[in-house]
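Chemist: Build out the structure end to end from the sequences listed, making use of the hints.
Per the numbering used here, the very first residue in the sequence shown carries number 7; after that it's consecutive.
In short, the hints are calculated from the structure, not lab data. Because the structure is a prediction, the values reported are computed rather than measured. We treat Cβ as the ideally placed atom computed from N, Cα and C, and that holds for glycine. Treat each hint with caution, since some may be false.
Simulated restraints, written as ranges between beta carbons of each label pair [as the list claims (entries may be wrong)]: (1) Arg61 to Asp138: 17 to 23 Å; (2) Gln16 to Lys191: 31 to 37 Å; (3) Ile234 to Gln79: 38 to 44 Å; (4) Lys166 to Leu48: 35 to 41 Å; (5) Gly210 to Pro111: 36 to 42 Å; (6) Ser125 to Lys207: 30 to 36 Å; (7) Val109 to Asn38: 17 to 23 Å; (8) Gln229 to Thr99: 34 to 40 Å.
Listed below are the simulated DSS-like cross-link pairs for lysine-lysine, each with C-alpha atoms no more than 27 Å apart in a straight line [said to hold, decoys possible]: (9) Lys194 to Lys219; (10) Lys191 to Lys219; (11) Lys232 to Lys207.
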Amino acid sequence: MIKQLYSLIQFDESVKTMEAGADNIGLVPMQNGGVPAHRVPLDRVHKIFDECKKRGVNSVAIMLTNDPEEMLQLAEEVQANILHIAGDGYTATPEFRQRLKEVAPDTELMQAVLVDDESAIERAKAVDPFVDYILLDSGLAPDTGIGASGMTHDWDIDAKIVESVNAKVIEAGGLGPDNVADAIKKIKPYGVDSLTKTSIKYEGGHMEKDIEKVRLFCERADQAAKEIGL
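Modeler: In structure tokens:
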């Protein structure tokens, strides 16, 4: 079971998050989108992603901009393992996938899909042929795109999506140590994602990972997957 932890900001917390069991770590490289306090300067992005490579952890560059040209520029700059399109104003296309492969040949593509009702099934199926990952998430916000709401959604819909697509499905939306096992047993995804419930939030938009909650999230995810043979 892949454990994906968002949204890292500092180098030291990134290392601790990896040591606590994360398989994927995601951050927002400096761009025209997202909460300013969460955007990571590119020199620090490189330092964190280099550490990921040393430790065998996947690096995820989160795109909150809705400008595909800016996404491609950042993809070429940071050469992440995964590029995650989370902005609510742009959805990946086959043409974008081709251009991504030209500038970042080893970067896989993840598309966030908003799960608000059963129409999400068709939206997931529409991108399935040309993405590597589909991230199922809750809520829209003007500064975070799809996700970061801290709320769960209808897991029955997510289970149907897992059965309907070939892409690897990452389950997100209000997951933490308290409910990740239930989500895995219900949905049977490829991976699980956590931001809100494994973070400490401060005034002004600043936050950092709660490493003990990260550790519990990872342990409980692995245990649940083992129990059902995933």
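Chemist: Could you run down the list of hints and mark each one as holding or not?
Modeler: Status of the hints after comparison with the structure:
The hinted window of 17 to 23 Å between Arg61 and Asp138 holds, with their beta carbons roughly 21 Å apart. Against the hinted window of 31 to 37 Å, the Cβ-Cβ separation of Gln16 and Lys191 comes to about 33 Å, which satisfies the hint. At roughly 41 Å, the beta carbons of Ile234 and Gln79 sit within the given window of 38 to 44 Å. Under the hint 35 to 41 Å, the C-beta atoms of Lys166 and Leu48, about 39 Å apart, fit the expected range.
At about 39 Å, the CB distance of Gly210 to Pro111 agrees with the hint of 36 to 42 Å. Our hint of 30 to 36 Å for Ser125 and Lys207 holds, since their Cβ atoms are close to 31 Å apart. A beta carbon spacing of about 18 Å between Val109 and Asn38 agrees with the range 17 to 23 Å that was offered as a hint. Between Gln229 and Thr99, the C-beta spacing of about 39 Å keeps the proposed range 34 to 40 Å intact.
For the hint pairing Lys194 with Lys219, the CA-to-CA distance comes to about 22 Å; that is within 27 Å, so the pair holds. This hinted pair checks out: Lys191 and Lys219 have alpha carbons roughly 20 Å apart, not beyond 27 Å. For the hint linking Lys232 to Lys207, the alpha-carbon distance of about 32 Å lies beyond 27 Å, and the restraint is violated.
Of the numbered hints listed earlier, the single one contradicted by the structure is hint 11.
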